[in-house]
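**Q** Could you put together the complete structure from these sequences and hints?
Read off the chains here:
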Amino acid sequence: MSITPDKAPESLLASDPNALFLRRTDEINELLDSGASLSGHERNCFFLNTGKGRFATASATSGFDFYDDARAVARSDWDHDGDIDLWFANRTAPRLRFLRNNGTPGAHFIAVRLRGTTSNRDGIGARVMIKAGGHTLLRSLRAGEGFLGQSSKWLHFGLGVSPRLDSLVVHWPGGKSESFSGVTADGWFTLAQEKGQAERWQPPKREVVLPLRPFALPDSSEQATVRLCARMPVPELTAFDAAGNPNPIAPAAGRGLFVSLWASWCPACISEFTEFAAHKTKLEQANFDLLALCVNGLGEGDETNFGQAESRLRKFGVKVAHRRADASLLEQLRIIANRVIAQNEPLPLPSGFLLDPDGNLVAFYRGPAPVERLLEDAASLRLKDSAAIFRAALPYPGTWIGESRRHPLDRLANEFIDADFTGAGLAFARKNRQAFASPARFAEIFYRVGNRHAAANDLETAIKYYREALEIHDGSPITHFNLALAFERQGKVDDALVEYQRAIALDPTITVAHLNRGAILARGDATQLKAGIESLQKAVRLNPNLGASHYHLGMALERAQQFPQALQHYRTAALLAPDHYGNAMQLAHLLERGGRFEDALAEYRKIRQVYPDSAQATFQTGLVFEKLKRPADAVTDYRASLDLDPDFVPALNNLAWLLATSKDPKVAAPPEAVGLAMRAANLTEFKRAPILDTLATAQFAAGQKESARTTLSQAIPIARAAGQAAFATELEAKLRNYQAAGP
Amino acid sequence: MPFPCLERPATTLGALFWLIGFAASHTVVAETDLGRIETEKSHAVTARHKEKLDPAKDGWDSEAFADQAQEQLGKLKALLSDPDQMKRSALSEIVDLDNVSLPPLRPATQLAEVYRTSGLRVRRLPPSVTQAPNKDALKEFRNLAGAFERPQLKFKLFKVALLPGGKAETRQFFAISDAALEDNATWKITWDIAQTKIEKIEIEEFEEVTRLVGGTLLNDATGAVFGNDPSLRDHLGHGINYWQGRIEKILSMHYFGHNGIAVGDVNGDGLDDLYACQAAAVPNKLLVQQPDGTVVDLAAASGVDVLNASRGALLADLDNDGDQDLAITTPYSTLVFANDGNGKFALAQQITFASGGYSLTAADYDNDGDLDLYVCVYYRKPGDARALAYPIPYHDANNGGQNVLLRNDKMVFTDATEATGMNAENHRFSFAASWEDVDADGDQDLYVANDYGRNNLYRNLLVETGAPQFASDAAAAGIEDTSFGMSVCWGDADGDGRVDLYTGNMFSGAGNRIAFQDRFQQHAPGEIKAKLQRTARGNSLFLNNGDATFRDVTMTSGARQGRWAWGSIFADINNDGLKDLVVGNGFVTGKREDDL
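Those protein sequences? They're chains A and B, same order as listed.
In terms of this note's numbering, the first sequence is residues 1 to 743.
In terms of this note's numbering, the second sequence is residues 1 to 596.
Be careful, since some hints might not be right.
Only part of the chain A face toward chain B is listed, based on derived beta-carbon distances under 8 Å [said to hold, decoys possible]:
1. Phe55
2. Ala74
3. Pro94
4. Arg100
5. Ala143
6. Gly146
7. Gly174
8. Arg200
9. Arg213
10. Glu222
11. Ala243
12. Asn245
13. Pro246
14. Pro248
15. Pro348
Ranges between beta-carbon positions, derived for each pair [claimed, not checked]:
16. Ala387(A) with Asn398(B): 36 to 42 Å
17. Asp384(B) with Asp166(A): 52 to 58 Å
18. Pro204(A) with Leu138(B): 58 to 64 Å
19. Gly322(B) with Ala216(A): 29 to 35 Å
20. Asn287(A) with Ala300(B): 31 to 37 Å
21. Gly475(A) with Ile392(B): 19 to 25 Å
22. Ala476(B) with Asp166(A): 34 to 40 Å
23. Ala300(B) with Ala419(A): 41 to 47 Å
24. Ala346(B) with Pro204(A): 24 to 30 Å
25. Gly322(B) with Gly475(A): 26 to 32 Å
None of these hints come from the bench; they were simulated from the model.
Each residue gets a CB set at the ideal place from its N, CA and C atoms; glycine is no exception.
**A** Below you can see the structure in the form of structure tokens.
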């Protein structure tokens, strides 16, 4: 008898366009952080109005096409020579540019400013309409336009080659319209509300030369010193001594500690210690100690070692402890530095960290730490008041309004955990619990640790951390969800169901919670199946674009014998995830079940195109041919299936059956059938009645009647034990026939 | 079998951008150069991304070809920049010189003059003109290069299609210019895929701008205008990449450099001054114009040397006492300073319920005679400003910040957003806004540009109903403009006495190419696909029909290719009475050479 193999459901990838976009944004943010450009080096554009709403690109010929990352642009006739100059702000240096308008010979202008009386005094919102020789010129006075920019309040009108002005009307905001007389070309005028007569305004007599003078941008050295605006706790850090023993980095009692990341092959590091040596006495009298953290040997191809570095260090004659850093410590220091300023690349050498007696970070140095600066920063250790510390940290004089912010210690903890420094990260989080904005944020730490363990398949530990997170804060739907997932992966479906339920109670919109819950329930009894279908339908409503929901709903509906609906959902899943094997097989198989053999065949063919190595799919086409009463084609496909997987039991079995029972001399091959069936029986340890039936049939057809009778006798009790009473009876009848057939 | 964890997964599908190359790693050459340790991890990030972003791996054949075509066009650019390099052998690697069909690349004799003033002349190729192909391709390219002196060149490939028979067709903008002559053209190129060689060029559009007199209209007088003031050297001479490595993150040191400017006369001497917002911990500048046109930074003496990261600023007479007051948006508040009449400012109000603001605009929305303020808020939380946003859904995002309307009552500002109906459609990523009496009924309406979605038009119903209420109305007016909106400017573009609208958006060559391929978003409904196609198309120009509805003339305006556009405003630079457009663009020029 032919058998059909088990189907193995798999999960489908989400094809949600928003998820894709968000992932892309993550990547771009990461790349930007590491110094990449995004639409950089773009030249500004100037579009010359050629009339009737059409423009010509005159970016280069206008002189506006700078490569700056430009932002706000503002108009001003800065020098009062009758044409509009431009100021614009950039992201790149220079952060401001002033472009002076060279003027267009023979072109006239008029500029007006407004004085409101009943309207606001600046006249913001007023429209000024000028009629000049048949042309209409309209300008509105606005405060703020473009992007982050505000232009001059002088409304400037170019008049072209004709200085003629026929009329000027102001439509005041919230007020009436007013006509003004006394305006002429090439002048500046104040228009006061309700006056009706323009007042000429004379620009101050002055000479604005502004000779074109190239300016050099200042050198941007990489070196920087940053005094933190608040003392920042950091996780415990461990270095190593010469013997390789771990050695915590900790200041001595009552003293600060300056940690310098160095290598003896790095000239900038040498220059730092040279300077330290020159100021030896001052440093020894200061309130902090020095620790050199050696990275010799860490980089690719670096053959130097700690011992060599030690000799070099001692030559300076400076009182400094010496420890070795490993790659982990280097990365931890980078993460810490990155909390302070953007530091997405590996730390350069030297990098310096000044810690206060409690081990908090006070200052960070990129490049050699200038001794004077280091001493000043160390002097600031005496400051205790957070407001004083903040003020002392600001690099330039000015006015800071409002509160300073605090370092996000939760982020630091999370980053340590994400980088696999889970122990240090967790300890740090626990120690600084009060720094977390809420129990929910604190709980998130444990949730993230749980995730890491789940990703590494250590489900037991993951569950432990999820539970701890929930003990701290019960209200996170995601934590309940991931806990449910972990349970499910352990096979503890009852626990999983409870947690999915909790996640849904907290947030009914989590599509995959409904999906997973539904998928579990749909495998249960009739009541559970019904509930499962409801859950899966909910998932589909929440996100109709998730293929997995349709797939599982299809399977549930199929179980519930709702075949047309099941088919519809398989089809939808197939559209959303055309390459998904499990769904395609379900779809094809359902068609086959429903007797739609040609359709099923077409689907199996599609699957075989995408998965040409699937013995299962190849086998299935053979099976359909059998149902279509095309044994020769079935045999071809069964053989092909066995080419792909010689141990594929269903193909062995079904092919053996056909070869044994076919009346077609081109197909029949009982001896071969015996071989195939025997192989199948061996592979199934002679424990499956249908296969033994096939074997017996083949043996009988090959003339091995005694063997056939023996095999059948083995099969019957197996069938009975499996509860297949009708089949067993059938086998018994066959056995009697075989026995009657003689030797 | 359950679904994977709800974290952001590491794998990706499809590519929208790809890397071009990497800078060489830093080598130690001097005592002061900092050392570097090259470890596996430092290579890992970029290597991982480079692999993921390789279009060939995802089966985007058209994008893979676009890469190859762009490489060839890059070589062509190099040849055109230096006519001595333009040799037959070099050119024949890019163009099938024996068989290529191309018209005159500078069709000078067929151009029609469409504009002329004393300073500038514009000529265009009329659409009806058919161009006879020229067999001497080398001569054509030489002519093209020869018309310019050390030109700037750019190809912008925006459409690619694979054709049967091993051919491909690309459409690209081609710009070549020096300070006196500027060509902008659209070329359609037919390629032989196997050799990536040009077989045919058709000029679809051609426009030429010639400068007729003297120097360029606008000249960089930055060095001169700062005179002896140290601010150019000390602060303004450093870009964000510099500050990023020095100013603490928690002070709101943000990477995108959104620090704006306001022009106004702060000391009543009749000369315009400039207030310039600066990044966190760098004091804002009050550049007071001196009689000789240079500036002196008087921010400290005037009490406005604000250190908080500042985005937008406004100089306006908020208390109607005859002098210019100052308002500034910062991450955690909007600040209002009152001018004492002598150019000295005192903090009048620190508005913490209007935080995370970007563009700041003022208008008297309730017609009570004093100026009110509107604050555009982009991100939902101020701390989000450190990175690109996560809009959901990304083509019509509604998880952005809430803009705030501040009503002015004798220099005290209160939140009038809800009361005026301005909380409708108010969860978008708003960068910019501008007031204008759009329907010419005597009250101020407001147009808001939003990133990742639709823009808003709030029509003021004050005159109609007697109460200052706003109706959200952009679609009806035809100016919904679904795009990445960054800038708004009203102005009469076509000189018909009615105000038109120009919005600054993003033009993306890659976005245009990919969004129009079938594979892109193949399962998304047609409507979403159309929206996505639109989001990459550039700045938009809407002309006023006269009845407060607008028609979109972007595609024929010639003003849409503004690249990644920020401040995009009208300005009649050559005094001919027609408003020109100036567009500041460029997003992030990073420390490395490669561009995403």
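**Q** All hints, please: hold or fail.
**A** Consistency of the hints with the structure:
1. Phe55: Because about 4 Å separates Phe55(A) from the closest Cβ in chain B, which is inside the 8 Å limit, the hint holds.
2. Ala74: Holds. Min distance 5 Å.
3. Pro94: Holds. Min distance 5 Å.
4. Arg100: Since chain B brings a Cβ to about 4 Å from Arg100(A), closer than 8 Å, the hint holds.
5. Ala143: 4 Å, holds
6. Gly146: 4 Å, holds
7. Gly174: 3 Å, holds
8. Arg200: 13 Å, violated
9. Arg213: 4 Å, holds
10. Glu222: This hint holds: Glu222(A) lies near chain B, its Cβ roughly 6 Å from the closest one there, short of 8 Å.
11. Ala243: Not OK, violated: Ala243(A) not within 8 Å of chain B, min 23 Å.
12. Asn245: 23 Å, violated
13. Pro246: 21 Å, violated
14. Pro248: 23 Å, violated
15. Pro348: Cβ of Pro348(A) sits 4 Å from chain B, so the hint holds.
16. Ala387(A) with Asn398(B): 36 to 42 Å: 40 Å, holds
17. Asp384(B) with Asp166(A): 52 to 58 Å: Roughly 53 Å apart at Cβ, these two residues keep to the hinted range, so it holds.
18. Pro204(A) with Leu138(B): 58 to 64 Å: 60 Å, holds
19. Gly322(B) with Ala216(A): 29 to 35 Å: With a Cβ separation near 42 Å, Gly322(B) and Ala216(A) fall outside 29 to 35 Å, so the hint is violated.
20. Asn287(A) with Ala300(B): 31 to 37 Å: 33 Å, holds
21. Gly475(A) with Ile392(B): 19 to 25 Å: 22 Å, holds
22. Ala476(B) with Asp166(A): 34 to 40 Å: For Ala476(B) and Asp166(A) the Cβ distance comes to about 36 Å; the hint holds.
23. Ala300(B) with Ala419(A): 41 to 47 Å: For Ala300(B) and Ala419(A) the Cβ distance comes to about 43 Å; the hint holds.
24. Ala346(B) with Pro204(A): 24 to 30 Å: 28 Å, holds
25. Gly322(B) with Gly475(A): 26 to 32 Å: Violated: the Cβ-Cβ distance is about 56 Å, outside 26 to 32 Å.
In terms of the numbered hints stated before, the structure departs from hints 8, 11, 12, 13, 14, 19 and 25, listed from lowest to highest.
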